[in-house]
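Q: Throw the hints in and build the complete structure from the sequences for me.
Protein sequence lines, in the order shown, are assigned to chains A and B.
Note that our numbering numbers the first sequence so that position 144 is 605, with each residue one more than the last.
Note that our numbering numbers the second sequence so that position 45 is 61, with each residue one more than the last.
Note that these hints are calculated values from the structure, not bench results.
All figures in this text were calculated on a predicted structure; none of them were measured in a lab.
It is possible that part of the hints are untrue.
[Said to hold, decoys possible] Okay, derived cross-link-like pairs now, EDC-like style, lysine to aspartate or glutamate, Cα gap no bigger than 16 Å in a straight line:
#: 1; chain 1: B; residue 1: Lys99; chain 2: B; residue 2: Glu139
#: 2; chain 1: B; residue 1: Lys40; chain 2: A; residue 2: Glu643
#: 3; chain 1: B; residue 1: Lys204; chain 2: A; residue 2: Glu465
#: 4; chain 1: A; residue 1: Lys557; chain 2: A; residue 2: Asp539
#: 5; chain 1: B; residue 1: Lys117; chain 2: A; residue 2: Asp547
#: 6; chain 1: B; residue 1: Lys40; chain 2: A; residue 2: Asp637
#: 7; chain 1: B; residue 1: Lys117; chain 2: A; residue 2: Asp478
#: 8; chain 1: B; residue 1: Lys204; chain 2: B; residue 2: Asp229
#: 9; chain 1: B; residue 1: Lys155; chain 2: B; residue 2: Asp188
#: 10; chain 1: B; residue 1: Lys48; chain 2: A; residue 2: Glu643
#: 11; chain 1: B; residue 1: Lys148; chain 2: B; residue 2: Asp188
#: 12; chain 1: B; residue 1: Lys40; chain 2: A; residue 2: Glu636
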Amino acid sequence: MSLEPTPSQTIGPFFHDALLERDLTELVSPDYPGAIRISGFIYDGAGEPVTDAAVEISQAGPISFEENPNTLDGGFSDWGRSGTADGGRFSFVTLKPAPVPAADGTSQAPHVNVLIFARGLLRQVITRLYFPDEVAANAADPVLSLIENQTLRETLVAHDEGDGSYRFDVHLQGEDQTVFFELAG
Amino acid sequence: MREAAGHPPYLYPDYKSTRLRAPKEPPVILPKALSDISGPAYGHGRIGEVDDDLTRQHEGEPLGERIIVTGRVLDGDGRPVRKGLVEAWQANAAGRYTHHKDQHPAPLDPNFSGAGRCLTDDEGRYRFVTVKPGAYPWKNHDNAWRPAHIHLSLFGSYFRSRLITQMYFPGDPLFEHDPIFQSVRDPKAQRRMISRFDLETTEPEWALGYRFDIVLEGREATPFERPHA
Chain A
462 MSLEPTPSQT
472 IGPFFHDALL
482 ERDLTELVSP
492 DYPGAIRISG
502 FIYDGAGEPV
512 TDAAVEISQA
522 GPISFEENPN
532 TLDGGFSDWG
542 RSGTADGGRF
552 SFVTLKPAPV
562 PAADGTSQAP
572 HVNVLIFARG
582 LLRQVITRLY
592 FPDEVAANAA
602 DPVLSLIENQ
612 TLRETLVAHD
622 EGDGSYRFDV
632 HLQGEDQTVF
642 FELAG
Chain B
17 MREAAGHPPY
27 LYPDYKSTRL
37 RAPKEPPVIL
47 PKALSDISGP
57 AYGHGRIGEV
67 DDDLTRQHEG
77 EPLGERIIVT
87 GRVLDGDGRP
97 VRKGLVEAWQ
107 ANAAGRYTHH
117 KDQHPAPLDP
127 NFSGAGRCLT
137 DDEGRYRFVT
147 VKPGAYPWKN
157 HDNAWRPAHI
167 HLSLFGSYFR
177 SRLITQMYFP
187 GDPLFEHDPI
197 FQSVRDPKAQ
207 RRMISRFDLE
217 TTEPEWALGY
227 RFDIVLEGRE
237 ATPFERPHA
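A: Okay, here's the thing in structure tokens:
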């Protein structure tokens, strides 16, 4: 049996009480050794911050966790959600993910999946955050390699702000538009 | 592609907010072998006792037409999505959201927050008790009104299953005037967003029932075919 999907519709402007009532921004406790912060701003095509978006991330666990799933004793979630009411800014506390083996036998550089929902987006946009201190792994990454233009590729690499903080701004539209993905059918 | 499957495009100029938010550069197509296959084990926390009953979250009962909304969440193969998180939010019976940015001059209802959630059962079934949301005006164009709808957020088994949609009610005269509904161009796909009245779900002397089945993207990988030697 093959069923046609229910169409996507915009999240609209009024989702906060339902989707953001609980704090889902910490995938791990900020006190956990090696915890990092990833944050950034969402901008529209006029360069204005998008203050009514919902940002969801999902990712692999850290290397220690992938090697021994009991390392974190359930203290790590692979998914998080943040609003952007703070001037268009989202923010998460997480652990740096391990490289991901792909079905074709290659390895993908450590990355975080990022989904953005907002008023004016009739369906979510899908992008990825890569890490600036993974130059060799990024260069060999089969997904980044799909993007020929180096400048565009750079839109997916976060900036190291020191102290375990990474900044990843997303431009939905315009000259600096972030690269978005569509999943093959 | 997504639009061929009935999803709306990013840019639908009649819905004004898409004009500055829709990406205009073509997306990079992520081949199946490279995309993350499984969905996240989202940490949704505990589901509270009245999370799925929006009429019992306050001291008194909300005003409006009490309804039951239920259906199954299925994947592209028609298999039930089990223990899937369903989140719902909506306006009250007068067409007003509790959100501070909703300035529609219709009354708030102190007994209605309009937010709920539940997990699907082993058959993929979800069920909410709520009141029928009212239509409400918005500033998209002159005399613009949204048809009554309930927002639904769903997780499935696969990364690609993630869906946020809106469930509409049958026979709404506002469909043809609503650019968000009309952003889905295929009439057959439009019908997949409309619930149907269901007498079997309806409970005598108590609440009208609406059925709304939801199909998420993603299906089991096709088995590899042995190449001809």
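Q: Against each hint, give a clear statement of whether it holds in the structure.
A: Structure-based check of each hint:
no. : hint                : result
1   : B/Lys99 / B/Glu139  : holds (9 Å)
2   : B/Lys40 / A/Glu643  : holds (13 Å)
3   : B/Lys204 / A/Glu465 : holds (10 Å)
4   : A/Lys557 / A/Asp539 : holds (11 Å)
5   : B/Lys117 / A/Asp547 : holds (15 Å)
6   : B/Lys40 / A/Asp637  : holds (11 Å)
7   : B/Lys117 / A/Asp478 : holds (12 Å)
8   : B/Lys204 / B/Asp229 : holds (15 Å)
9   : B/Lys155 / B/Asp188 : violated (20 Å)
10  : B/Lys48 / A/Glu643  : holds (10 Å)
11  : B/Lys148 / B/Asp188 : holds (13 Å)
12  : B/Lys40 / A/Glu636  : holds (10 Å)
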